[in-house]
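Colleague: One letter stands for each residue in the lines below.
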Amino acid sequence: AQTVTQSQPEMSVQEAETVTLSCTYDTSENNYYLFWYKQPPSRQMILVIRQEAYKQQNATENRFSVNFQKAAKSFSLKISDSQLGDTAMYFCALVGANSKLTFGKGITLSVRP
Amino acid sequence: NAGVMQNPRHLVRRRGQEARLRCSPMKGHSHVYWYRQLPEEGLKFMVYLQKENIIDESGMPKERFSAEFPKEGPSILRIQQVVRGDSAAYFCASSPRDQTIGELFFGEGSRLTVL
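Same order as they appear, the protein sequences are chains Y and H. For the first sequence, my numbering assigns the number 951 to the initial residue and increments by one for each residue that follows. For the second sequence, my numbering assigns the number 3 to the initial residue and increments by one for each residue that follows.
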């Protein structure tokens, strides 16, 4: 079985500052993918960033980057230069060979003007 | 290229009625996944289908729930004799191939409310 844990229910950050969202996971597989999804008030799930477990280099997408610590099974998301439009729920997710995407419970991020 | 289309966006049913949720995957995508999101929770896997085949239904409740993805037409998630606990957002996602390789593209979800 695989699990994804997001222990922080909510966070708040000032506009233009940097915030880090934490995620830990557990899986017995060697090959897997990790994702961060954003769910704004519209409720659509939007892929923010993806990390292949076999890649040591941390993924980066513009203002979004991850800190992937495979041995520690940690996968945190860093948002730089936070914008008001970043306000949303953020879900960490994992998929392995069973093709089932397992989500954490999510964290509510509020960006303050 | 249209995204994953789900309808209805909102559905209200009384206890005991049937709910049918439809999902049209992105063009060229042959893999469909259904997820359920309860309030304040993450998405929970329900079922994984390819055209005319159910690949993995380990997340589906044993009774009242069924899913199909016919050769022609959208994927359907069917809930018979709905109960209040079925109230949730149901998300469909599609991918062009096995999810372990590619990413999922999600629809906007269908919100079911059972009175």
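It is worth saying that the hints were derived from the structure and are not from the lab. Keep in mind that a hint or two might mislead.
As the list claims (entries may be wrong) - Derived lysine-lysine pairs resembling DSSO-like cross-links, with alpha carbons at most 27 Å apart:
(1) Lys1055/Y <-> Lys1005/Y
(2) Lys46/H <-> Lys1020/Y
(3) Lys1028/Y <-> Lys46/H
(4) Lys1055/Y <-> Lys1020/Y
(5) Lys1055/Y <-> Lys46/H
(6) Lys73/H <-> Lys1023/Y
(7) Lys73/H <-> Lys53/H
(8) Lys29/H <-> Lys53/H
(9) Lys1005/Y <-> Lys1020/Y
(10) Lys53/H <-> Lys1055/Y
(11) Lys64/H <-> Lys53/H
Claimed, not checked - Ranges of calculated distance between the beta carbons of each label pair, as one might list FRET restraints:
(12) Ile57/H <-> Ser992/Y: 42 to 52 Å
(13) Arg66/H <-> Glu979/Y: 27 to 37 Å
(14) Glu105/H <-> Pro959/Y: 36 to 46 Å
(15) Ser1060/Y <-> Gly5/H: 24 to 34 Å
(16) Ser60/H <-> Ser992/Y: 28 to 38 Å
(17) Ser89/H <-> Thr1058/Y: 12 to 22 Å
(18) Gly5/H <-> Ala966/Y: 29 to 39 Å
(19) Glu979/Y <-> Leu40/H: 35 to 45 Å
(20) Val14/H <-> Glu1002/Y: 24 to 34 Å
(21) Ile996/Y <-> Leu40/H: 17 to 27 Å
(22) Met7/H <-> Glu1011/Y: 37 to 47 Å
(23) Ala1021/Y <-> Glu74/H: 44 to 54 Å
(24) Ile57/H <-> Ala966/Y: 23 to 33 Å
(25) Glu43/H <-> Ile996/Y: 38 to 48 Å
Built from N, CA and C at the ideal position, the CB exists for glycine as well.
Colleague: Indicate, hint by hint, whether the structure satisfies it.
Modeller: So, going through the hints one by one against the coordinates:
1. Lys1055/Y <-> Lys1005/Y: Holds, because 25 Å separates the two Cα atoms, which is no more than 27 Å.
2. Lys46/H <-> Lys1020/Y: holds (24 Å)
3. Lys1028/Y <-> Lys46/H: Distance ~25 Å between Lys1028/Y and Lys46/H Cα, so the pair holds.
4. Lys1055/Y <-> Lys1020/Y: holds (21 Å)
5. Lys1055/Y <-> Lys46/H: holds (10 Å)
6. Lys73/H <-> Lys1023/Y: violated (40 Å)
7. Lys73/H <-> Lys53/H: holds (6 Å)
8. Lys29/H <-> Lys53/H: Within the cut-off at roughly 13 Å; holds.
9. Lys1005/Y <-> Lys1020/Y: holds (10 Å)
10. Lys53/H <-> Lys1055/Y: violated (30 Å)
11. Lys64/H <-> Lys53/H: Since the Cα atoms of Lys64/H and Lys53/H sit roughly 22 Å apart, the hinted pair holds (cutoff 27 Å).
12. Ile57/H <-> Ser992/Y: 42 to 52 Å: violated (29 Å)
13. Arg66/H <-> Glu979/Y: 27 to 37 Å: holds (32 Å)
14. Glu105/H <-> Pro959/Y: 36 to 46 Å: violated (26 Å)
15. Ser1060/Y <-> Gly5/H: 24 to 34 Å: Distance hint for Ser1060/Y, Gly5/H holds at roughly 27 Å.
16. Ser60/H <-> Ser992/Y: 28 to 38 Å: Holds, since Ser60/H and Ser992/Y (Cβ atoms, about 29 Å apart) stay within the stated range.
17. Ser89/H <-> Thr1058/Y: 12 to 22 Å: Holds, since Ser89/H and Thr1058/Y (Cβ atoms, about 21 Å apart) stay within the stated range.
18. Gly5/H <-> Ala966/Y: 29 to 39 Å: holds (31 Å)
19. Glu979/Y <-> Leu40/H: 35 to 45 Å: violated (26 Å)
20. Val14/H <-> Glu1002/Y: 24 to 34 Å: violated (42 Å)
21. Ile996/Y <-> Leu40/H: 17 to 27 Å: At roughly 20 Å between Cβ atoms, Leu40/H and Ile996/Y fall inside 17 to 27 Å, so the hint holds.
22. Met7/H <-> Glu1011/Y: 37 to 47 Å: Since the Cβ atoms of Met7/H and Glu1011/Y sit about 26 Å apart, the hinted range of 37 to 47 Å is violated.
23. Ala1021/Y <-> Glu74/H: 44 to 54 Å: With a Cβ separation near 48 Å, Ala1021/Y and Glu74/H satisfy 44 to 54 Å, so the hint holds.
24. Ile57/H <-> Ala966/Y: 23 to 33 Å: Because 45 Å falls outside the window, the suggested range is violated.
25. Glu43/H <-> Ile996/Y: 38 to 48 Å: violated (18 Å)
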